[in-house]
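K.L.:
In the order they appear, the protein sequences are chains A and B.
Quick note on numbering: the numbering used here labels position 17 of the first sequence as 3, and the sequence is numbered without any gaps.
Quick note on numbering: the numbering used here labels position 125 of the second sequence as 111, and the sequence is numbered without any gaps.
Please note that the accuracy of each hint is not assured.
Note that the list lumps identical chains together, so a pair holds whenever it fits in one copy or between two copies.
[Claimed, not checked] In silico SDA-like pairs for lysine to any residue, Cα to Cα no more than 20 angstroms straight-line:
{"id": "1", "residue 1": "Lys194", "residue 2": "Thr5"}
{"id": "2", "residue 1": "Lys42", "residue 2": "Asp18"}
{"id": "3", "residue 1": "Lys288", "residue 2": "Asp82"}
{"id": "4", "residue 1": "Lys42", "residue 2": "Ala108"}
{"id": "5", "residue 1": "Lys288", "residue 2": "Ala123"}
I should point out that these hints are in silico values taken from the structure, not numbers from a laboratory.
Protein chains: 2
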Amino acid sequence: MSNSRGTDADWIAVDWGTTNLRAWAMNASGSDYASACSSDGMGSLARDQFEDALLKLITPWLQTEATTVVACGMLGSRQGWVEAPYATVPCTPLSDRLVAAPVAHPLLKVYVVPGIRQNTPADVMRGEETQIAGFLALNPHWDGVICLPGTHTKWVLVSAGEVISFQTFMTGELFTALTRHSVLRHTVAAHGWQDAAFLDALSDTLSKPERIAARLFSLRAEALLHGLDGTSARARLSGYLIGSELAAARPYWLGQQIAVIGAQPVAGYYRQALEVQGVRPTITADQQMTITGLATAHSRLKATV
Amino acid sequence: MSNSRGTDADWIAVDWGTTNLRAWAMNASGSDYASACSSDGMGSLARDQFEDALLKLITPWLQTEATTVVACGMLGSRQGWVEAPYATVPCTPLSDRLVAAPVAHPLLKVYVVPGIRQNTPADVMRGEETQIAGFLALNPHWDGVICLPGTHTKWVLVSAGEVISFQTFMTGELFTALTRHSVLRHTVAAHGWQDAAFLDALSDTLSKPERIAARLFSLRAEALLHGLDGTSARARLSGYLIGSELAAARPYWLGQQIAVIGAQPVAGYYRQALEVQGVRPTITADQQMTITGLATAHSRLKATV
Chain A
-13 MSNSRGTDAD WIAVDWGTTN LRAWAMNASG SDYASACSSD GMGSLARDQF EDALLKLITP
47 WLQTEATTVV ACGMLGSRQG WVEAPYATVP CTPLSDRLVA APVAHPLLKV YVVPGIRQNT
107 PADVMRGEET QIAGFLALNP HWDGVICLPG THTKWVLVSA GEVISFQTFM TGELFTALTR
167 HSVLRHTVAA HGWQDAAFLD ALSDTLSKPE RIAARLFSLR AEALLHGLDG TSARARLSGY
227 LIGSELAAAR PYWLGQQIAV IGAQPVAGYY RQALEVQGVR PTITADQQMT ITGLATAHSR
287 LKATV
Chain B
-13 MSNSRGTDAD WIAVDWGTTN LRAWAMNASG SDYASACSSD GMGSLARDQF EDALLKLITP
47 WLQTEATTVV ACGMLGSRQG WVEAPYATVP CTPLSDRLVA APVAHPLLKV YVVPGIRQNT
107 PADVMRGEET QIAGFLALNP HWDGVICLPG THTKWVLVSA GEVISFQTFM TGELFTALTR
167 HSVLRHTVAA HGWQDAAFLD ALSDTLSKPE RIAARLFSLR AEALLHGLDG TSARARLSGY
227 LIGSELAAAR PYWLGQQIAV IGAQPVAGYY RQALEVQGVR PTITADQQMT ITGLATAHSR
287 LKATV
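The shape of chain A in the complex, shown without the other chains (with noise of 0.2 angstroms):
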């Protein structure tokens, strides 16, 4: 847990995630001047928990008087703090209704920002939608299909201001159990990259993506036998799952305007993996849109009540 020194916000955004708790105090102009953050993440957490995980971050920043906090993220799901009901497709990234949580505290109004739904294909999203919103606030006529890289990788068709489609893969949550939980483990590198060999399993797997699954056990192979290296290992498996992601998702990305928004290294290997397709996308801080979102979020909540 790290919190800067305790300053009244104007008011607290939050991202919530399954692993981690974000918190950014905001001032009155809409820019964070603080942080602070927490492995009390929601799958940590019971219901009656997420309040005091949350105080213990933020109560420096409290004013005299009641503070909002808004948050996005998995505190919103059937499991969390409050279930904040999905949105669903075509609708804008940013629903009207936020959903209080229940709060003991007599200083503190918890506001949750739903996720998005789409009935068919089955899909759902929590957090990326804030994200969204704030890549859309800053770019306000912005059509095309936003890449969010990460434990589970969304692409997303924006249209007129609106999430039209989504799709989401597995693909950081693979590369996480097969280099932990699978022979592969012996075999791929904790750290470290080589640009080549992660183009080249890329190229092979989207000339080739019905091969997938005999690359896997290749890399443990070609380390017993030749000798392969734990990073080019770790690049090679990089190539190989996102190569199957892009190979699944090329009805997003051809031909249109991307976006990525995500955290280094990871958005930087799907920008080059767009670029040898012939995709140049732009590239934004995860971080940053997911506070922009939320400010979104926020002022539409001020003028609402």
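Since the structure of chain A is provided, determine the placement of chain B on it from the hints.
P.N.:
Structure of chain B alone, referenced to chain A:
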């Protein structure tokens, strides 16, 4: 650990994998009349612990004179009891050169069956070569492709008594990693099956294998939005993963005579999957092929000693 009542063995057959150790007491006519197993797999043992782990199982069967043990599997790997260097394809499944393990017990002789390597594309097997040898001992003029489903499924082209080429797929390990260490753990039941869900998912994946990366998260989303039940999710995940394997292994099974050496229920899933592709495989039980293969190795050892 389980162990039948002690009686002298003519020799002892051992299958020593990464997670399990199995031993069979064999009589002079080549039949197993007692068995024992423990969870002292290769992965949990240091080199100097193998002999004790084996003696814990087989001491009741030891003769008053020296007893021969013939063993296959991961105990022959670099991290095992003694490294038994790979034979290289094309080669007969059982190398003539069994490797003696270092043993302190005065009445014990342990011989290890070498695995098989393929340099290009890089691939390795340890244990499956013994099952293949068992199958070929029972079917001496058989040519075709042998599929050995498991944690690491192997597809093996056999001709004129030799292993010509093979390819490994991490299908079983992927299934375990996804159902234990990804968001799908909330969605996929630990047991149960639905043929229709399996076959639909298999057919989807075989007709559009490039979509595999898009299918996995759909299980989670359909459970959240449309109440997909855990048993269907389990069968569908198997269908996606086996479908992806069959798509990549097509050169191995298309137009070939196929034998599946495996345990139930998984061998049955492969039978179903192949039958809808118009292939009618022969199914054999993996444990009996292991014992038969080890008996073949033992009889050759006797002939050379």
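K.L.:
Check each numbered hint from earlier against the structure, then list the numbers of those it violates in ascending order.
P.N.:
1, 4
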